[in-house]
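**Q** Now for the letters of each chain:
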Amino acid sequence: MPAAGVVMIIAVVLIVLALVYYLVSTIVALQRITNSLDEAITGVVGIIEKSAPVDEVVTSINTNLDAGVDLLEGLLVKKAGMEDAVGLVEGLYPGAAGEGFRNFPESSKTKAPRISEVYTKGTLTLARLGREAPIAAASPNGPALRNPSYGSLAARALYPEGRQTRPGSMPRSPVIGTDSPVQYEPSESPGVRKRMPGKAAVLDPPPAPVQTEAQEGPVKSGLAFLRRLKGD
Amino acid sequence: MTLEWIGDAILLLVVLPVVVYLLRGVLNAANSIVPSVQQIAAAATAGSKDLDATALLLTTQDQVQKTIEVAADYGGSLDVILDDAR
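Listed in order, the protein sequences are those of chains Z and V.
Anchor point for the first sequence: position 79 equals 79 in the numbering used here, and the numbering is continuous, going up by one each time.
If you want the numbering used here, it's the position in the second sequence, counting the first as 1, plus 1000.
Note that these hints are calculated values from the structure, not bench results.
Where hints are given, some of them may not hold.
Unchecked claim - Derived Cβ-Cβ restraints for the label pairs, each shown as a range: (1) Z/I41 - V/V1018: 21 to 29 Å; (2) V/A1071 - Z/P181: 56 to 64 Å; (3) V/V1018 - Z/T42: 36 to 44 Å; (4) Z/E106 - V/V1070: 24 to 32 Å.
Claimed, not checked - List time: in silico DSSO-like cross-link candidates among lysine-lysine, alpha-carbon distance up to 27 Å: (5) Z/K50 - Z/K78; (6) Z/K50 - V/K1066; (7) V/K1049 - Z/K109; (8) Z/K50 - Z/K79; (9) Z/K79 - V/K1066; (10) Z/K111 - Z/K78; (11) Z/K111 - Z/K79; (12) V/K1049 - Z/K78.
This structure is a prediction, so every number in the text was calculated from the model and none was measured.
Every residue, glycine too, gets a C-beta built ideally from N, C-alpha and C.
The following block holds chain Z by itself, in its conformation from the complex (with noise of 0.2 Å):
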């Protein structure tokens, strides 16, 4: 065989032995793309199967929420007008009186007043009870108390007289303990005494009980049933 048929036949072997190396190497590779691929295909299907449900499930919960958003607002701005609405949502969410109610687009242009120095907390809670509250039964007819000086302190009107305009005269709070200078006797019931000390109002006794016949026994009642029929 001639020298030029052998180095063609090594030149050959050599580009066909470059052409397996190369090409069993991208085979592997390939195969290594295909395997991944696999799990993407899986990941993906995953996704879309547990995704499929969630557009009407949330369009469901925010048709719902909308619902609410509305009854709320609407109740709100119904009983308690614009402009306190608003105040009332500005002293909760600073700033949220800009963007106003969703239902109601001139809630947006209205003033928020600020509602923690028109309402103390007490006499916010009560008014909104509504003119049936102790708060507001003064004028039923009138707005809500909303004095912004004295609305604090009309709430004492609401406690027992006495113990908010008269304090000077109620008793200092006893010492307490089997040492103590004066001993109370144990009370009949929680927050009352039978007697306190000084000048401190005493409860009143009970009244004595009317003696009736049939507490008098049988004797008594049979001569006052003679007395009576002697009478007759």
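Chain Z is already provided as a structure; the job is to place chain V on it using the hints.
**A** Chain V in isolation, oriented as in the chain Z frame:
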């Protein structure tokens, strides 16, 4: 004879390097795809796991519906109890 040598030279000096160059490029491209595809597979698997809680949306849906119903009941009662603003 001379042509055979020329053919051998072409095979060894031209064809073989070209074949090697081309196949090496294909192999490098295939190898560079592998990590990207593996990252995509990992991301898809993780995303699928993240969506396992999607079933809880049904519970959320029921809870929201009940909450709105309760709020509507309270609202109806408040509408009766409280006076309207002037």
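**Q** Hint by hint, note whether the structure agrees.
**A** Now the hints, each set against the structure:
no., hint, verdict
1, Z/I41 - V/V1018: 21 to 29 Å, "violated, 37 Å"
2, V/A1071 - Z/P181: 56 to 64 Å, "holds, 57 Å"
3, V/V1018 - Z/T42: 36 to 44 Å, "holds, 40 Å"
4, Z/E106 - V/V1070: 24 to 32 Å, "holds, 30 Å"
5, Z/K50 - Z/K78, "violated, 43 Å"
6, Z/K50 - V/K1066, "holds, 24 Å"
7, V/K1049 - Z/K109, "violated, 47 Å"
8, Z/K50 - Z/K79, "violated, 44 Å"
9, Z/K79 - V/K1066, "holds, 24 Å"
10, Z/K111 - Z/K78, "holds, 17 Å"
11, Z/K111 - Z/K79, "holds, 18 Å"
12, V/K1049 - Z/K78, "violated, 47 Å"
Comparing the model with each numbered hint stated earlier shows that hints 1, 5, 7, 8 and 12 do not hold.
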